[in-house]
Amino acid sequence: MTTIKAQMPGVFYRRPAPEKPAYVDDGDKISEGQTIALIEVMKTFNEVKAGESGTVAEFLVEDGDEVDVGQDIVRLGEV
Amino acid sequence: MRRILVANRGEIAVRIIRAAHAAGLETVAVYSDADAQGRWVQLADTAVHIGKSAAAKSYLNSAALVEAAVSTGADAVHPGYGFLSERPGAAKEFADAGLTFIGPAVSTIEMMGDKAAARDAAKRAGVPVVPGSGPVGDVDEALAAAEDVGYPVLVKAAAGGGGRGIRPVASREELTEVLPAAQAEARSAFSDDTVYLERAIDGARHIEVQVLADHAGNVVHTFERDCSVQRRRQKLIEEAPAPGLAAGTRASINEAAVRLARQVGYVGAGTVEFLLTPSGEFFFIEMNTRIQVEHPISEAITGVDLVSEQLRIAAGEPVSFSQDEVQIRGAAVELRINAEDPDNRFQPSPGDLSRLDLPGGPGVRVDTGFVAGDRISPFYDSMIAKLICSGPDRDTALARGRQALSELRVDGVPTTVSMHRRLLDEPDFRAGAVHTKWLEELLPDST
Chain A
1 MTTIKAQMPG VFYRRPAPEK PAYVDDGDKI SEGQTIALIE VMKTFNEVKA GESGTVAEFL
61 VEDGDEVDVG QDIVRLGEV
Chain B
1 MRRILVANRG EIAVRIIRAA HAAGLETVAV YSDADAQGRW VQLADTAVHI GKSAAAKSYL
61 NSAALVEAAV STGADAVHPG YGFLSERPGA AKEFADAGLT FIGPAVSTIE MMGDKAAARD
121 AAKRAGVPVV PGSGPVGDVD EALAAAEDVG YPVLVKAAAG GGGRGIRPVA SREELTEVLP
181 AAQAEARSAF SDDTVYLERA IDGARHIEVQ VLADHAGNVV HTFERDCSVQ RRRQKLIEEA
241 PAPGLAAGTR ASINEAAVRL ARQVGYVGAG TVEFLLTPSG EFFFIEMNTR IQVEHPISEA
301 ITGVDLVSEQ LRIAAGEPVS FSQDEVQIRG AAVELRINAE DPDNRFQPSP GDLSRLDLPG
361 GPGVRVDTGF VAGDRISPFY DSMIAKLICS GPDRDTALAR GRQALSELRV DGVPTTVSMH
421 RRLLDEPDFR AGAVHTKWLE ELLPDST
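As given, the protein sequences belong to chains A and B, one line each in that order.
To convert, note that position 54 of the first sequence is 54 in this note's numbering; the numbers rise steadily by one, no gaps.
To convert, note that position 212 of the second sequence is 212 in this note's numbering; the numbers rise steadily by one, no gaps.
So here's chain A without its partners, still in its complex pose (with noise of 0.2 angstroms):
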C-alpha cells in the first residue's frame, strides 16, 4: 500500500482555512510536489505535499486530527 505519511507531528487540517473547499478529495488525481494539506505545528501552518503521483484512494485521518510524524495520513491507489 502506498501512503503519504506525516513528516512532523500536529494538527491536520484538509483544508486552506475553515471555509475554503478541501485541497483534494477522495478520488481525486494529485501530482508529486502538490499540496494535499495542512499540519499545524506550535501555531505555524506547514503544508503537506505528495511524494509521488496517484489518486487519492482514502484520507486515513481526519480533519482536525493530532497525527504523529510517520503516521499515513493517505492511501493512493493507481494513477
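Derived from the structure by calculation, the hints contain no laboratory data.
Careful: at least some of the hints might be erroneous.
Straight-line Cα separation of at most 20 angstroms, SDA-like style, residue types lysine to any residue; simulated pairs [unchecked claim]: (1) K20(A) <-> D192(B); (2) K43(A) <-> V293(B); (3) K20(A) <-> R164(B).
Sample of chain B residues at the chain A side, in silico, Cβ under 8 angstroms [to be verified]: (4) K52; (5) S53; (6) A54; (7) A56; (8) P348; (9) P350; (10) P378; (11) F379; (12) Y380; (13) D381; (14) S382.
The model shown is predicted, which means the values in this text are computed figures rather than measured ones.
Where is the CB? At the ideal position from N, CA and C, for every residue including glycine.
Assemble the complex: chain A is given as a structure, and chain B must be docked to it using the hints.
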C-alpha cells in the same frame, strides 16, 4: 472571590496560580490530553481534564471551561493570554454562568478588538493615531487623501489583516498606478475592494504601556516597555523602561495610555501599544485587554505584582497604589527562550525536554511551565521559558542576561538561546538603536 479557574496552560497558568495562592485563593487548573503532567496541573488545588490536545478541542472550548468551573465550584475565571483571553463571546459565557471574568467588561473587549472602534476611541481620548484616510474610491480621491496623510503611504485593504493586503507607495505617480491594482487585489483576495490610506512609518519602535484600572475609576500606569526586537511580529526581547526615551516623551506616552483606558471605562490590567517614530512622534496601534507575556519586566522595574493587582481589581478592590507611589527603579530585559531552530529559519521544533538547567542569582527570574522530562508538544506555542533579568541600570540587566544565558541549559530541542547571545552583543541593541524591522534586517535568512 474564593476559587479561581485558570483557563490557560504553561508558564502563565503557573504565574496565575502562584499569585492566587499568595492571595489566599484556591485554584482549579485545566489540562488537555497532552498536558496531563503539566506543572500547573500539579501546583493547583484541583485539576480538570477538558479535552483533546488540539487547542480547539480544549483550551479554546469555552463550554468545556464553563463546565469545569461550575463543576468545581469556582467563582472566577482567569483567562491568561492568548486562547480565550480576548474573545468577548467567551467572556460573556463565563459571566452568564455567574463567574467573574478576570478582565475588562465584555463590551470593552469587543470595542478594543474592533480596529475602527479602537481607533475612534483613541481619537476621542486625544491619543494620536497613525494618520490615515477613510475609504478612497478612485485615483482622484486617493491623491487628495494622500496629501493630508503624507507620503510615503500604505494602501490597505479594509478587509485585510495580519499584514495581508498592504502596498507601500512613495509618490503621486506611484499611487496613480497602484490604486486600481490594489482594489482589484482586495476584491479577489477579500471579496471587498474597499481600500484606505495610512502613513507608512519607517524605523519605528514598538512601545507599549502597562495600565491598571479598578472599578472605582482609578487608572494608573506602570510605565512602558520597548518590544521592538521582533521577528514576523513575534516579540523576542522586551525591555523596560524603553532605553533612551526622552523624559517628556515618556510622560506623554504613559499619560496617553491612561487617557485611553479612562476614556473606554477600562477595568483590569491592559496594554496600550504605540509606534514611536525616530522623530519622537507616537501613534496608537491597539490595546490588548489582558495580561501580556512580557508583564514581568514591568514588575521588575516597579515592584508591582500585576497579576495580584488583577485579582484585587476583579474582587472589587482598588489598585493597591497611586500613580505617584510608583517609580522606575532600574531596568529589566526579558529573553524569550523558544523551541525554535535558529539554523532552520526558526522552525518551531517540538520534542522531549531531556534536560532543563535554569539560571538564578540576583535580578534573575525565570518563568516557565516546564520541568526536565516534559514533552514540548506540537499543539501549543513554542515558548519554553522567559528569562527576566533586571538590575539598577540597563548595563547590569543586560550583563545578568548574558550570565543567565550562559547558565541556561536546554537539551532535547533546538532553542533561541544562541540568537539571544548574539543579539545582546549587537552594537545596535546595546545602543538601544533598534526598531521593529531591525531583527529581520539583521537576520535576512530567518524569515
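Check: Was the hint right that P378(B) lines chain A, CB cutoff 8 angstroms?
Finding: holds (4 angstroms)
When the least beta-carbon distance from S382(B) to chain A is tested against 8 angstroms, hint result: It holds, given that the least Cβ distance between S382(B) and chain A is near 4 angstroms, below 8 angstroms.
query = Minimum Cβ distance from S53(B) to chain A below 8 angstroms?
reply = This hint holds: S53(B) lies near chain A, its Cβ roughly 5 angstroms from the closest one there, short of 8 angstroms.
For a C-alpha distance cap of 20 angstroms, please report whether K43(A) and V293(B) respect it. Judged against 20 angstroms, a Cα distance of about 16 angstroms means the pair holds.
| request: Starting from K20(A), check that the Cα of R164(B) is at most 20 angstroms away, please. | output: holds (17 angstroms)
| message | Next item in the hint list is A56(B). Is there a CB on chain A closer than 8 angstroms to its CB? | response | holds (7 angstroms)
- Query: Quick one, is the K52(B) hint okay against chain A at 8 angstroms, beta carbons?
  - Reply: Since the shortest Cβ distance to chain A is 7 angstroms, the answer is holds.
Taking the least C-beta to C-beta distance, is F379(B) closer than 8 angstroms to chain A?
-> holds (7 angstroms)
Restraint satisfaction for Y380(B) [CB to CB of chain A, less than 8 angstroms]: For Y380(B), the interface hint holds, since the closest Cβ of chain A sits about 7 angstroms away, which is under 8 angstroms.
### Query
Taking 8 angstroms as the limit, does the beta-carbon of P348(B) come near enough to a beta-carbon in chain A?
Because about 3 angstroms separates P348(B) from the closest Cβ in chain A, which is inside the 8 angstroms limit, the hint holds.
Next on the checklist: Check the hint pairing K20(A) with D192(B) against an upper bound of 20 angstroms on the C-alpha distance.
Outcome noted: holds (17 angstroms)
query: Taking 8 angstroms as the limit, does the beta-carbon of P350(B) come near enough to a beta-carbon in chain A?
result: With a closest approach of 6 angstroms, the P350(B) hint holds.
Checked against the numbered hints given earlier, this structure breaks none of them.
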